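6 protein chains.
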Amino acid sequence: MNVVYRNIRRAETAVIDGLAACGVATAHEAQGRIGLLGPSLRPIYPGARIAGSAVTVSVAPCDNWMIHVAVEQCRDGDILVVAPTSYSDAGYFGELLASSLQARGVRGLVIDAGVRDVRDLTEMRFPVWSKAISAQGTVKATPGSVNIDVVCADAIVRPGDVIVGDLDGVVVVKLEGAAGVVKLGAERMEKERQSRERLKAGELGVDFYGLRAKLQELGVEYVDEISTK
Amino acid sequence: MNVVYRNIRRAETAVIDGLAACGVATAHEAQGRIGLLGPSLRPIYPGARIAGSAVTVSVAPCDNWMIHVAVEQCRDGDILVVAPTSYSDAGYFGELLASSLQARGVRGLVIDAGVRDVRDLTEMRFPVWSKAISAQGTVKATPGSVNIDVVCADAIVRPGDVIVGDLDGVVVVKLEGAAGVVKLGAERMEKERQSRERLKAGELGVDFYGLRAKLQELGVEYVDEISTK
Amino acid sequence: MNVVYRNIRRAETAVIDGLAACGVATAHEAQGRIGLLGPSLRPIYPGARIAGSAVTVSVAPCDNWMIHVAVEQCRDGDILVVAPTSYSDAGYFGELLASSLQARGVRGLVIDAGVRDVRDLTEMRFPVWSKAISAQGTVKATPGSVNIDVVCADAIVRPGDVIVGDLDGVVVVKLEGAAGVVKLGAERMEKERQSRERLKAGELGVDFYGLRAKLQELGVEYVDEISTK
Amino acid sequence: MNVVYRNIRRAETAVIDGLAACGVATAHEAQGRIGLLGPSLRPIYPGARIAGSAVTVSVAPCDNWMIHVAVEQCRDGDILVVAPTSYSDAGYFGELLASSLQARGVRGLVIDAGVRDVRDLTEMRFPVWSKAISAQGTVKATPGSVNIDVVCADAIVRPGDVIVGDLDGVVVVKLEGAAGVVKLGAERMEKERQSRERLKAGELGVDFYGLRAKLQELGVEYVDEISTK
Amino acid sequence: MNVVYRNIRRAETAVIDGLAACGVATAHEAQGRIGLLGPSLRPIYPGARIAGSAVTVSVAPCDNWMIHVAVEQCRDGDILVVAPTSYSDAGYFGELLASSLQARGVRGLVIDAGVRDVRDLTEMRFPVWSKAISAQGTVKATPGSVNIDVVCADAIVRPGDVIVGDLDGVVVVKLEGAAGVVKLGAERMEKERQSRERLKAGELGVDFYGLRAKLQELGVEYVDEISTK
Amino acid sequence: MNVVYRNIRRAETAVIDGLAACGVATAHEAQGRIGLLGPSLRPIYPGARIAGSAVTVSVAPCDNWMIHVAVEQCRDGDILVVAPTSYSDAGYFGELLASSLQARGVRGLVIDAGVRDVRDLTEMRFPVWSKAISAQGTVKATPGSVNIDVVCADAIVRPGDVIVGDLDGVVVVKLEGAAGVVKLGAERMEKERQSRERLKAGELGVDFYGLRAKLQELGVEYVDEISTK
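First to last, the sequence lines map onto chains A, B, C, D, E and F. Using my numbering, the first residue of the first sequence is number -17, and each one after it goes up by one. Using my numbering, the first residue of the second sequence is number -17, and each one after it goes up by one. Using my numbering, the first residue of the third sequence is number -17, and each one after it goes up by one. Using my numbering, the first residue of the fourth sequence is number -17, and each one after it goes up by one. Using my numbering, the first residue of the fifth sequence is number -17, and each one after it goes up by one. Using my numbering, the first residue of the sixth sequence is number -17, and each one after it goes up by one.
Chain A extracted, bound-state conformation (with noise of 0.2 Å):
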């Protein structure tokens, strides 16, 4: 029942390099608050902002044999996507894995589980979203699949999707939306410019987005001082 799909389908280039630059808070709003994967997944290490091509791993659990099936999978801007059938905090990948994804041009890894030689990881400049961080090693016993629709952190995360990763998270975009988010979401940074610009002035949110009026409807009273309670 195992499956090893090849050569999945990928978005191009400019749409991968477009989401990179939108970050992940801008491309999920974009795609309309869909599509994040859970806080529990943070970075090993503060800094890097990436996008790529989800060659996904469903994974049995303590289990990292079908990591090294999917590498062969992997091309140069993919980022790899590894979720437990369990759940599992252990260390299912480290520099050695991480080495040979890097041969192969691949960005970064999102795991909804644990890693460990963080340090060397660090160093190499390899990002990790990661759930944990354990020494625990695993096994190479039970197969798994590759390029199946997995779950990672909450998220329905399908093969060839284009994953965004940075400061604040994970956001998965849909393949087949994805450049229509790219544009949506370049809008939303021109947008979001402007309004920096008049907030920084000393415009107030509420009367920037209209809601007093709202408010007063809603029967939101103002009081001066607090007197008695």
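None of these hints come from the bench; they were simulated from the model. Every value quoted in this text rests on a predicted model; they were computed, and no experiment measured them. The reader is advised that the hints may include incorrect statements.
Since copy identity is lost for identical chains, a pair holds within one copy or between any two.
Keeping only pairs whose Cα atoms sit at most 27 Å apart, straight-line, the calculated DSS-like set for lysine-lysine is [as the list claims (entries may be wrong)]:
id: 1; residue 1: K182; residue 2: K156
id: 2; residue 1: K173; residue 2: K156
id: 3; residue 1: K182; residue 2: K196
Use these hints to put chains B, C, D, E and F onto chain A, whose structure you have.
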């Protein structure tokens, strides 16, 4: 039933600055070990130590409307304290709101929920203590209140109370006794300076704090070497 | 019923230094994948890699009395391992205790609870692995024991065992087999160096570890392109 | 700094009984959706629905001394509300304390920590809402306070407030507005009775609450059958 | 961007009944160990074992509007599956919605969030699997979707998939292979019946599953009595 | 490196029965407040109170092979104690293994992981304390050890130690001191019986335990009525 209280009382600047000098651990001890916000609150970047007057915001879950309303109630030297009425780790706050607050002299944010745009907030040096980082946005649909008593990370925060935040977490110092806490904190720091010198010189805590007699009294036995177990 | 064991056996310095050179992940593998402390323990600042002899402390919850007692039992090259008898994330340990330990040559602290004064500890370069950061202080009311077997973050730590800590977490190496672990660790590192070179050169893990035949045997299918789903 | 407040104000019996009749969900709604204690609090056995006046206890972590002090401040119809000053899941309360409270007519216990002797408490039909069950005992070493404002499971409980507990959890109703909440709760229950009949008869909520027009206005599309995705 | 899909495909009644007879553990094994919803989902009362066709609902956090919309899409034999777009443990569902669903022949609810009115739901014998119990109500302000793919407790649920729930939790069986799973499940149950008899008669699993030779091969040593350690 | 120890030492039946009569809370106190397994372990059904000799099993994560091996090492009156080497909440144990154990007179299971077939286990009246319920099965691929020291829910369990389990949780009583714990437990129960009568008669704990003088000494103030705050 929702209210925005304006012109709350605040502590004097000297008191607030004194508490910033104390830091969280000392201010907490000096206040009699009360008022510490829970350890789930962590700074989004290391290094900041601030103090300021609490402007409190009670928000609906996944709704940041009232944060915009609260901005207008903030003055130079304030710290915004945000508490949702139901558990949530979404990102209620990002770079645009921070720009707005920074324009008014607000010193930082304490939020019992998530924030986003962490890279921007770090570059702006706008300090935030939050329980999560998440790009998951919020809506502006349900009103709440500003400057009412709130529970933030297990502590009661009243408007105008002094908030102190550093690498150790966040503590709330009650407005009415804040000046006294500064005084006790200063004494405590002087005492700790003296203790530090003696401990660095090799003096032992068991002697220093007079614990030896009490140990014996309570029947703690000293045994040389582990022979059999 | 509480005891303080004095003059415990310790590993030789060369063994301890050898384990520090291995680091956590390698030492853990070389010991047969046992002894890893749980991933809830995290370093309070990045970068330190240390090893030392465990002086263990069993403390009452929210009571740091026995840490003071344990200081006297510490020697140059030790690491203090603190485990409360009931779950707690309070701050048992701060800058004063660290000054005291550093004066005795103690290399660091591993605590299944919280610590405070994180800014000071970082400046002093006193490495700590803890499960929380909290300014919540503790009392000195209930005695405990020093140098008994304790459970720290799901692992048994016996007095005199070698503790290794780095960015990947903490591992305890049993005193009796520690020299052997150093030897196996060194072999493992040499082997990994060779693997690294081959993987960097583009060789694949599935070939390298001979996994292809086994994959086929277990019925993992390779399918070109995803046509229908 | 620790205080025991005696002879606190309490709500009238009729009000308390009225709130018991409402139950947690209705009382919470009738009060404007505030005052709910967090869902970590669960009843130790199913079935009890009670209301009573809060006698609050602020205890040191793993120390139940002040619960003994609080017993004396309890009267017929009270509910004890216990909150440690630092996170703890130890067992602060067992069958002996329950015997003592039951002898005074106390109706139950709400504790943001653990309890033990669950079999005995169940047989005695002494209702408890706790966040843990643990045989881990506590000490009597550090004093605390009785009848001060406490934070219990994320909610502020003031002495004399009315506590309501049932299978849905626990809600605190403010003393000053409690009579009004009973009235609103009764109206709410009558309205729900009517709604229930209509819904059982097959009427739909979308029609009942007039949601159809709004759905269309917000652009929610209805699509027959899933053809392509 | 929000859609309500109507008239989804469903499994045949015989298949659904067959899966109910299997129960969660057997259906999960028979499907190849996939599709299990996470163990955070627990039944609100013990005893129910049901199966039905999934009608899926994607709701905004703390907003139950779309559950009302979904009711209309439900038929006799369905099970409602509700997943919020951001973490929440509020109470989205209570007795009124259950009355409405029961009137349409809906067999139960699976929700990756909280429910309330647990006493009423239990009396009505309306089975619910939820991750929390909370009286915290929700609003009707933000639309969502009905019958799209959702992630519920770490599993992908597609509309029309068969949901099975019992004391062991919840499993989703893919619509397309459901008939095959029933067949495999029946075989599995027959095989287990035979195993049970042999094991009850005292036969050992190590013999039964032929594990002894493999143990020896992997170097597991048998040692009589514990002499020294 | 994996070992199966056979013919471990066990406590006498009278001692084991005596500890069952004590129950968890009393046995824990009588042993000096050590040995309690963490509160994450809960009984799968209410009511059972058992004691027995620990047969310990160290298993690989998501691998139940060694449980089958351990069955052969069990005798009448034993309790199986299972601890995975890495965090896992999968279901390692179900009705078939329980049939096997019950055929050998084993009294129950304590597992720092998950179990399944809960309905069957309940009908069989086979008591289990686990940290999760999950139908997620395990494999038989990686060996482990039987009757070595394990850490189960934060406590060290040594083979032959006496395990006591009831509604309050699970405690491990060390083999060597078990007879003494029974004696102290019996004394404790008699003393509690006397206390219970006095407390039921209305005597107060503050008087009973002589706490009044100490309260005054520590400066706890009694204040009549709450006037202003």
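* Of the hints stated earlier, which fail here? -> 1
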